[in-house]
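Asks: Chains as they are written, first to last, in my numbering: chain A, 1 to 342; chain B, 1 to 342.
Among the hints, a few may not be true.
Which copy is meant is left open, so a pair is good if it fits within one copy or across any two.
What the hints assert, rightly or not - Here are the simulated lysine to aspartate or glutamate pairs, EDC-like style, with alpha carbons at most 20 Å apart:
(1) LYS185 <-> ASP301
(2) LYS148 <-> ASP187
(3) LYS270 <-> GLU132
(4) LYS20 <-> GLU51
(5) LYS75 <-> GLU237
None of these hints come from the bench; they were simulated from the model.
There are 2 protein chains.
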Amino acid sequence: MKTIAVDGMGGDNAPEAIVKGIEMARDDFPDLQFQLYGDEGQLTKLLKNSERITIVPTTEVVTGEDEPTRAVRRKKDSSLVRAALAAKSGEADAFYSAGNTGAVLTAGVLLVGRIKGIERPGLITVFPTVHEDQQFLMLDVGANAESKPSYLHQFALMGQFYAHDVLGLDHPRVGLLNNGTEADKGDSLHKAVHDLLEKDPDINFVGNVEATNLFNAPADVVVTDGFTGNATLKTMEGTASTLMHLLKANLMDNGLRPKLGALLAKPALKKLATMFDADRAGGAVLIGVNAPVVKSHGNSDENAVYYVQKQLRAMLNHGTVQSVIQYFSTHTEETVAAAKEE
Amino acid sequence: MKTIAVDGMGGDNAPEAIVKGIEMARDDFPDLQFQLYGDEGQLTKLLKNSERITIVPTTEVVTGEDEPTRAVRRKKDSSLVRAALAAKSGEADAFYSAGNTGAVLTAGVLLVGRIKGIERPGLITVFPTVHEDQQFLMLDVGANAESKPSYLHQFALMGQFYAHDVLGLDHPRVGLLNNGTEADKGDSLHKAVHDLLEKDPDINFVGNVEATNLFNAPADVVVTDGFTGNATLKTMEGTASTLMHLLKANLMDNGLRPKLGALLAKPALKKLATMFDADRAGGAVLIGVNAPVVKSHGNSDENAVYYVQKQLRAMLNHGTVQSVIQYFSTHTEETVAAAKEE
């Protein structure tokens, strides 16, 4: 039985959506139990069935306006901090929150703690592709603003473990997001990373990939620095939502004919929305810390909360974090560099 | 009368689409004349009316496979190099090509030449927004892989001149693409740029903008480093084309009902396609060199070629390049820094 520590007060729809989603997950996954951190009165009222769900009362809440580091340091009895500490102490096996992104990342790094040998944890997001039932993941999508080549080298290795365990891929293909596919493309950072990935026999490197065709799945694991990855993720979100918004507006505003068209086209639009439903892929995973840590969108509804538990269950059952810990206990950047010298 | 030097052999649809587009522009813009560089036999056969269009015979062609710098150095009698040299010598006032992007940029920087005081020319692309008849521009979208704060400072100033002259905005708002809107966001590069833009009284700086809502036009001029800008541009293209492709596939593949829906929804889809028609905004402008240089998509058709001439005409009639030359003759990074010290 694995235990997930849940921030019951994080996100726009908390605590309702969190409680509902956790109850759904409890019903579907008999090998999971949950610690629900938050306001005792509210949570007790919302919880229908307390089987494998323990409410842990806390008195503070980290809001979206809180400065992350300050909030994690000061709000010691917040649902977010207490849930993170449970994953640190081993009381729980994983930590989940839909709250303040910066605070969740800070709690992950400072409280759950960096894995020995990992220079910087990275943030993974999973995306759909044009091929049904095929996904790809990208990291780092924003945990780090500044990057060194060795960080991205470690992201590639950690991304492989995640793609193997959670996406179910035997030999995930690793690509480097760059401004061209040729090996010598990019700035000095990306040229150096290309070199590191190419030389590491533990990485199934397929070369540089471009943002233009990410959805055609040129790689299963797309490695990028946190600044570019964050811009890419946000551009995808912005472009997709703008197009869908304009399409709907144009369908509705042009009189009867397009309105009728919209009605008839609805199943196709719905199918598209399902394919691009970010919730189904789960939340963003902070990888490189001592327990699975997942942050889902602030506007997560009960379904999004449910899918995160499914995602955490896959990581827990495969021991993804243990694999990373084990690998980096013997593969520091120094030992890898030394092996190459020989 | 202004003269545009045109690479008649550049792009997938050359020389047909180039000649057709130039003839359309000649018919519409009586104040423009054209030098058409390329294979004399082919161009003569295609050209219907030689009024204000002079064919300049050349014997070589730069292909998409050519290594840019090498091609510009070696293929001295190529249509691309000869057209660029005409803009350098003053024989022509501007240079346009739909050919090898790297070669066009290299020819722009090396042959047309950097403006005195400009550290690095930048590449501008214009985008639509959700507001009809409103556009924004972004630079650098990929002329430079490595960046320094001062490059981005100059991009902001040059972007303002372009937005004023070509987008017709009196006081264009300048935003910095960053991984959050707060002033202290980003890596060291973007923090330093924020500082430079904020302190320059010649810049109408509105702060950091995020990729999520670029299409809502939080700024008219979006300043970014060439690596991030390139990834953002390519992500927009990839996401939009993937969504449109999937929408069409879903509309067509699901039996009669969605097919009928598609037929009825067609006007809305068409309107959307027009709004997002990259061709209408013209090509990508290399700014910071001694004459207007525009590169359009390799798959440019005659309409795309036509719109580039309209765009070049706006730059020429407003003297955008002259404004940049004048401004930077008295505002070097040193004089600006010195003024701030006082």
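Asks: Look at each hint and say if it fits the structure.
Replies: How the hints compare with the structure:
1. LYS185 <-> ASP301: neither (41 Å within a copy, 29 Å between copies)
2. LYS148 <-> ASP187: Answer is both; intra-copy 12 Å and inter-copy 12 Å each pass.
3. LYS270 <-> GLU132: Within one copy only: 15 Å inside, 26 Å across.
4. LYS20 <-> GLU51: within (13 Å within a copy, 74 Å between copies)
5. LYS75 <-> GLU237: Close neither inside one copy (32 Å) nor across copies (43 Å); limit 20 Å.
Violation of the numbered hints given earlier is confined to hints 1, 5; the remaining hints are satisfied by the structure.
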